[in-house]
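The lines below spell out each chain.
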Amino acid sequence: MICNLNCAGCPLAYLCIPLAIGAFIALKRYRGGLQKKRLASQLSFLLISNAAFVFGATGLIYTYFYCWESPYALMACPIGVLEHAFADRSWYLLVYLAGLIGFACIIFGRAACGWACPIGFLQDLAKGRRTKSKLDSKMRLLKYAILLAIPPVCYLTEKLAYTDICPIGGLTATLPYLAMDPNGYTFTVFFIPKMINVAGFFILIFLMTRGWCRHLCPVGAMMAQFNKISLLQLKYYEKKCIKCFKCAGVCPMQINMPYDNRSGECIRCGKCIDICPTNALAFEFRW
Amino acid sequence: MKKAIYLVAALIIFAAGANIAYDSVKSLNIARCLGCIAMEPKAVKFEEFWVEYPDHYNNKGIPPHPDWVVNASKQKVVMLFFWGPSCEPCERQWEAMKKADLVKGSEENGSITANFSYIQLFSINAPYDDEKGEAIRIYTPKGDTGTPTTVILFEKNGTIYWYAFSGEANGEGGRPDINELINILEKAKEEKYDLQS
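Top to bottom, those sequences are chains A and B.
According to the numbering used here, the first sequence is numbered sequentially starting from 1.
According to the numbering used here, the second sequence is numbered sequentially starting from 288.
Among the hints, erroneous ones may be present.
Unchecked claim - Derived lysine-lysine pairs resembling DSS-like cross-links, with alpha carbons at most 25 Å apart:
hint	chain 1	residue 1	chain 2	residue 2
1	A	Lys28	A	Lys246
2	B	Lys361	B	Lys289
3	A	Lys228	B	Lys290
4	A	Lys159	B	Lys391
5	A	Lys235	B	Lys289
6	B	Lys479	B	Lys332
7	B	Lys290	A	Lys235
8	B	Lys386	B	Lys474
9	B	Lys289	B	Lys313
10	B	Lys391	B	Lys419
11	B	Lys347	A	Lys159
12	B	Lys385	A	Lys159
13	B	Lys329	A	Lys159
14	B	Lys332	B	Lys385
15	A	Lys228	A	Lys240
16	B	Lys419	B	Lys361
17	A	Lys228	B	Lys289
18	B	Lys391	B	Lys289
19	A	Lys159	B	Lys386
20	A	Lys127	A	Lys138
21	B	Lys429	B	Lys419
22	A	Lys159	B	Lys313
23	B	Lys391	B	Lys313
24	A	Lys127	A	Lys37
25	A	Lys37	A	Lys235
Said to hold, decoys possible - A few chain A residues that don't get close to chain B, going by computed Cβ distances all over 10 Å:
hint	residue
26	Asn4
27	Ile25
28	Ser137
29	Pro193
30	Phe206
31	Lys243
32	Asn279
Simulated from the structure, these hints should not be mistaken for lab results.
These figures come from a predicted structure and were not determined experimentally.
Built from N, CA and C at the ideal position, the CB exists for glycine as well.
Isolated chain A, as found in the complex (with noise of 0.2 Å):
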């Protein structure tokens, strides 16, 4: 498919305006050697993410949140794959998604949330606020709490039961459909709730770095603990840092930098690598 400029006629605008209005904005915030590659990586998973349209829908399962009802959506969102697995009872589909999510992030950790996914990408445009409140520790239960809720609530009501109220599916599957064909569409019960919970998203994102990332993505919290047992570890060398705590005014997760290198929060972003002055954090794979 070839550009023609003719955007209004175009079943690919929803994707590529904001695609290129994100490059735009991208490149000057993105500094550093790590952050330039980190920006090209994102951009080729958004359009990975979408490549539909070339590939046709296949059965791999994404290593991050994005909607499989999405258009153009390549492969399976990991949060539906587990609905389906509770609510049909098709347990095979948690061999997959088990084995699939355990070798990637055994290799990289939680480096999709930071690399590839491109709900992470907007949050980087986003650009949030950089607020730590007191209750932040705690409200990063909450994406746990919400991983653990999917699979009884799935079972017990038989039902896609996140899926729903779920902003992402909103954000990327629900609107643009609706960009594509406005009016070719009638709206579920749930349209209201999705709506209400694409505000909310875009609201916590703007009030602080990663808001979702930090607080409620279940996808995030089936990775985290991978981090602490992953081939690519963030190192520090101690012997090497002065102290200067810029690691921890960059780290978009609000980390307690330079300290908690291991840490399940850690999106493996290397935004504490590039500002280091004394190269005391960098990235290793190690066996």
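Keeping the supplied structure of chain A fixed, place chain B upon it in accordance with the hints.
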């Protein structure tokens, strides 16, 4: 060493999982569930049965009706009901059809009631039924929209006549409600067997 063991174990689970679940996940991914994102596609109100794809479809010409549909439609009026597990609108439509005494049993093992014995029902678990589930893409306006999708077909003098809508039969967005759906089925019977003449 420990990490290597973890990695190999995860790889084995991943490979085994992909082997048994890849196709199911692909089917789930193909059958876009618009109900899951709080929307249902608008339909075209029934006026007459179609032979070719009507204007609101992406495709043109006569649909590539599968053989099993063609064969069944020679005998009876055919109703295809594409549903999916954990699809709430599908469940609601099924229950409404049951209440109207059109069908009995469950979506999975459902059959038509004696009152409507002129109908051959295919209740198809679209995401998981490899053989018949694929047909949903032939009959949905945007090619891959999800469940429920209801299709009524009959054959007369070698021509297949049909009408389809995606989304719950509840009278909204141009879709018929259950009573209208029954009227359309009756109309199909009349046309197939020339009852009016």
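- Query: Which of the numbered hints above does this structure break?
  - Reply: Of the numbered hints, 2, 9, 11, 18, 23, 29 do not hold.
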